[in-house]
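*Asks:* Using the sequences and the accompanying hints, generate a full structural model.
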Amino acid sequence: MPRYVKEVRRTLLIVGEGDAEALLLGKLKATLTAGKQGPSVTVRNAKGKGALHVINETIRHARQGSYNVRAAVFDTDACWDDGVAAKARRAGVVTVPHEPCLESVLLASAGRAMEGSTAEFKRRFLQEFGSEAHEAIASGAYDIARLKGANPQLPCVITLLGLFA
Numbered sequence: 001m002p003r004y005v006k007e008v009r010r011t012l013l014i015v016g017e018g019d020a021e022a023l024l025l026g027k028l029k030a031t032l033t034a035g036k037q038g039p040s041v042t043v044r045n046a047k048g049k050g051a052l053h054v055i056n057e058t059i060r061h062a063r064q065g066s067y068n069v070r071a072a073v074f075d076t077d078a079c080w081d082d083g084v085a086a087k088a089r090r091a092g093v094v095t096v097p098h099e100p101c102l103e104s105v106l107l108a109s110a111g112r113a114m115e116g117s118t119a120e121f122k123r124r125f126l127q128e129f130g131s132e133a134h135e136a137i138a139s140g141a142y143d144i145a146r147l148k149g150a151n152p153q154l155p156c157v158i159t160l161l162g163l164f165a
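For the sequence shown, position 14 (counting from the first letter as 1) is numbered 14 according to our numbering, and the numbering increases by one without interruption.
In case anyone wonders, no lab produced these hints; they're calculated from the structure. Nothing here was measured: the structure is a model prediction, and the numbers come from that model. Keep in mind that a hint or two might mislead.
As the list claims (entries may be wrong) - DEER-style ranges, computed between Cβ atoms:
id : residue 1 : residue 2 : range
1  : M114      : T159      : 17 to 23 Å
2  : R10       : A110      : 26 to 32 Å
3  : T159      : A34       : 18 to 24 Å
4  : V5        : S117      : 50 to 56 Å
5  : R63       : E120      : 35 to 41 Å
As the list claims (entries may be wrong) - For lysine-lysine, the following DSS-like pairs were computed, each having C-alpha atoms within a straight-line distance of at most 30 Å:
id : residue 1 : residue 2
6  : K29       : K87
7  : K47       : K29
8  : K87       : K47
9  : K49       : K148
10 : K6        : K36
11 : K27       : K6
12 : K49       : K6
13 : K36       : K47
14 : K27       : K49
15 : K47       : K148
16 : K27       : K148
17 : K6        : K122
18 : K122      : K148
19 : K122      : K49
20 : K87       : K27
21 : K122      : K36
22 : K36       : K148
23 : K47       : K122
24 : K47       : K27
25 : K87       : K49
26 : K49       : K29
Positions of the beta carbon are idealized from the N, C-alpha and C atoms, including for glycine.
*Replies:* Next comes the structure, spelled out in structure tokens:
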């Protein structure tokens, strides 16, 4: 009689800065790891407060479990500098920074490459999709399939999708 053999999967802890990042990561998890494909993913929400807080939350959550890969997804508009990057490297945290914000990456993946400040990107995203990022992702107004076909010049998207491989 054959014995049941349990498949060992890679584990991934990924912490998003806010609600929009956590929703996006949850949708990516549902899409890219369906049917036990890819790693076993745990998504957490750091509830804002900048890059340093997200890195600290990632380190804190990583201590509570055993994860093969630890990653932090955040905007670079607050608390992101060389010291924070060094802390993440020392702790073994993969950083996925959105420059300057998530809305800029989502707009660029939708084919609307622009330059500007965080406030301008948030305003343009609101005009384009009719709601803020977390609402657009939750309601499906922003289709996450756009990220898969995103411009290869978006290194944060390449890094993010590579984590789920």
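*Asks:* For each hint, tell me whether it holds in the structure or not.
*Replies:* Hints, one by one, checked against the model:
1. M114 to T159: 17 to 23 Å: holds, 21 Å
2. R10 to A110: 26 to 32 Å: holds, 30 Å
3. T159 to A34: 18 to 24 Å: holds, 21 Å
4. V5 to S117: 50 to 56 Å: holds, 54 Å
5. R63 to E120: 35 to 41 Å: holds, 38 Å
6. K29 to K87: OK: K29 and K87 at ~26 Å, within 30 Å.
7. K47 to K29: holds, 19 Å
8. K87 to K47: holds, 20 Å
9. K49 to K148: holds, 28 Å
10. K6 to K36: Holds, because 12 Å separates the two Cα atoms, which is no more than 30 Å.
11. K27 to K6: holds, 26 Å
12. K49 to K6: violated, 40 Å
13. K36 to K47: holds, 28 Å
14. K27 to K49: This hinted pair holds, its Cα atoms lying about 23 Å apart.
15. K47 to K148: holds, 26 Å
16. K27 to K148: holds, 12 Å
17. K6 to K122: violated, 45 Å
18. K122 to K148: The hint holds at about 22 Å.
19. K122 to K49: holds, 17 Å
20. K87 to K27: holds, 28 Å
21. K122 to K36: violated, 35 Å
22. K36 to K148: holds, 19 Å
23. K47 to K122: Status holds; Cα separation ~18 Å.
24. K47 to K27: holds, 18 Å
25. K87 to K49: holds, 17 Å
26. K49 to K29: holds, 24 Å
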